[in-house]
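Spelled out, the chains give:
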Amino acid sequence: MSKEKEELEVKTRYPIGDPIKHFFNRIIVGSKRFVDIKIPAAGSNLKSWATSFRGGFIITFLIILIIITPLMNDPVYYNTFIIAMIFSILAASWDILAGVTGQVSFGHSAFFGIGGYIFALFINAFGADWLTSIFMSAIFTVLIGLIIAIPSLRLKGPYLALGTLAFSLALYYIFQFPELHVENVYLPLSLKIFWFSNPMREFFIVLIFMIISVVIMLIIFNSRLGTVFKGIRDNEYATEASGINTVKYKLISFMISSFFAGLAGSLYALHYGTATFLMFENKLSFYPVVFTILGGIASISGSVMGAFTFVFLVRIISEFFSLLFPIELMTYIDTFAIVAFAIILVLIIRFSQHGIFEPIIKNAKKLWDILLGK
Amino acid sequence: MGTVLQIKNLTKRFGGLTAVNDVSFEIERGSLIGLIGPNGAGKTTLFNLIAGSEKPTNGSIWFDGVNITKYRTHKRVNYGIARTFQVVKPLRFLTCLDNVIVGCMSPRGKARSENVGIEQYASTILASVGLIDKARIPPIILPFGDLKKLEIAKALAPNPELLLLDEPFSGLSHEEQTIIVNLIKQLNEEGYTIIIAEHILRELMALVPRVLVMHQGKLIADGPPKEIVNIKLVIEAYLGVGN
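So the sequence lines, in the order shown, correspond to chains A and B. The first sequence: position 112 = 112 (the numbering used here), numbered continuously. The second sequence: position 12 = 386 (the numbering used here), numbered continuously.
Treat the hints with care, since some could be wrong.
[Said to hold, decoys possible] Some chain A residues near chain B, calculated using beta-carbon distances under 10 Å:
hint, residue
1, PRO70
2, ASN73
3, GLN176
4, PRO178
5, THR227
6, VAL228
7, ARG233
8, ILE244
9, VAL247
10, LYS248
Because the hints were derived from the structure by calculation, they are not lab data. Note that the structure is predicted; figures quoted are calculated from it, not measured. All C-beta atoms in this analysis are idealised placements derived from N, C-alpha and C, irrespective of residue type, glycine included.
Please take these sequences and the hints and turn them into a complete structure.
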């Protein structure tokens, strides 16, 4: 019977003996398969997303912003936009881990800060150029991030959230200890001149990074790898019972997430010209959570929209407030922002669990259909 | 042919409670076995032990001659054991097709589905349980009978040899039960070895040629249904010791 033949096939593919050959064989086959996982579903899915109403809406929105920005040529506007882009990479990276794979971490600032510091180190200590440093920092964030990721694989739910929070808190304090000689790193003047002499230069480079990062994460989201991640999120027990090594896939998710978080961190360090312990601050861990919930959890485009909305909203409101309130109160703007986040978060979770953009886009689509006379 | 599953002196204790007590039996390839016993007899714990969700306190499990006692669940699945859950566990926010694709993404499932393509293979599995028209629908809106079928489809996804079906008939109407019975018959004819844990006896006893009876963790009978119903111990287990 053909089943016997299949048995033989399966048995020769899973050699029980010779573990070393088996190990290398699996790395090679695994990496080939890893590519296969992402590519087939990718192309058509991306096209269908882009031509859908939702995709078109977002792309149009982005194109309009991209055209307006150089025309306005306002440094404050550039700054806000660049921060929004960096935070959207961070938010999307958190979403891959938490919204897609279900591993909710409250310590994403750890990867962010590690990325920033390694970037600055590469520039200062190794004299590398900014592009190499950005990639190396992302890669090393993944490697060093394994120290956080591997113990976190055993944690679930609130314990995972607290464990990751603990890691980021630890880093926050460690990087302040004078005894440990971990100093703030400052970027060289030549780099600053290149980077900041023309604001459009930074804007377009960060834009390219954001588009490439988000596209890669969207491809992963829509691929079969993404399906496995979502399976782990929906029911880890059942996914394991389907033959999936959930530990392996959770680790892959951590690695993808920390890669992009580190990338965002290096762009942030580049923008501010320094890497300090402040990059490990708690609020940077909570930002991606708020942005993603605002925009729709388990939706990469949602986390991008959430980041943009929030950053621009805070900027607009603080401009507004600075006219009304005296300067002394403005130093507390951060605290006000955090209080505001918390309230917004609770309201969203209560009234619009899937983010505010789903309803907005749905209503916009209705309007569009009406305009087109459907 | 040959022995596909061997259970040797399997014991599981939860503190003071012995859920599975020194159970031993062998299953031949291609057989269809019923596992019965009153509630609390240890059927689901036994399945958990075979599938890998629980570690035994004592004893060993051998699959196709390999000692799988220390293997994690996913590894056992890739050796060829798959199970359904008594309380169905669909992946709620994925489509039915995606639910099956997850199982096809296991190494064993991928190996089997490589030639035809994963989506095609997953569609075939859905078609064989009768859910193909619900392929793009998420399980949250499906009726219970369809969820039971989806459980079986998910178990078939990683191309197993041995299927452990935990209460596949419970909660279904008579017509739905008949559909599942026919599905099980068909799968057994295709070569799957199937163990069914149930306490809806009418359908089960008519279906399987061999029955294992558990009571309070122990295996108290092993034989064809006609003989089993006459054994005093079995009657006592279900009806209690009386006059």
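Hint check results:
Evaluation of the PRO70 of chain A hint against chain B yields a violated restraint, the C-beta minimum of about 41 Å exceeding 10 Å. With a cut of 10 Å, the hint placing ASN73 of chain A at the interface with chain B is violated, because the nearest CB-to-CB distance is about 44 Å. Hint on GLN176 of chain A is violated. Least Cβ distance to chain B is approximately 41 Å, over the 10 Å limit. Among the interface hints, the one on PRO178 of chain A is violated; its C-beta lies about 46 Å from the nearest C-beta in chain B, farther than the 10 Å criterion.
This hint holds: THR227 of chain A has a C-beta 5 Å from the nearest C-beta of chain B, less than the 10 Å allowed. Among the interface hints, the one on VAL228 of chain A holds; its C-beta lies about 5 Å from the nearest C-beta in chain B, closer than the 10 Å criterion. Taking 10 Å as the C-beta cut-off, the interface hint given for ARG233 of chain A holds, the closest approach to chain B being about 8 Å. With its C-beta approaching chain B no nearer than about 6 Å, ILE244 of chain A sits inside the 10 Å limit, and its interface hint holds.
Of the supplied interface hints, the one on VAL247 of chain A holds, with its beta-carbon coming within about 8 Å of a beta-carbon of chain B, less than 10 Å. Of the supplied interface hints, the one on LYS248 of chain A holds, with its beta-carbon coming within about 9 Å of a beta-carbon of chain B, less than 10 Å.
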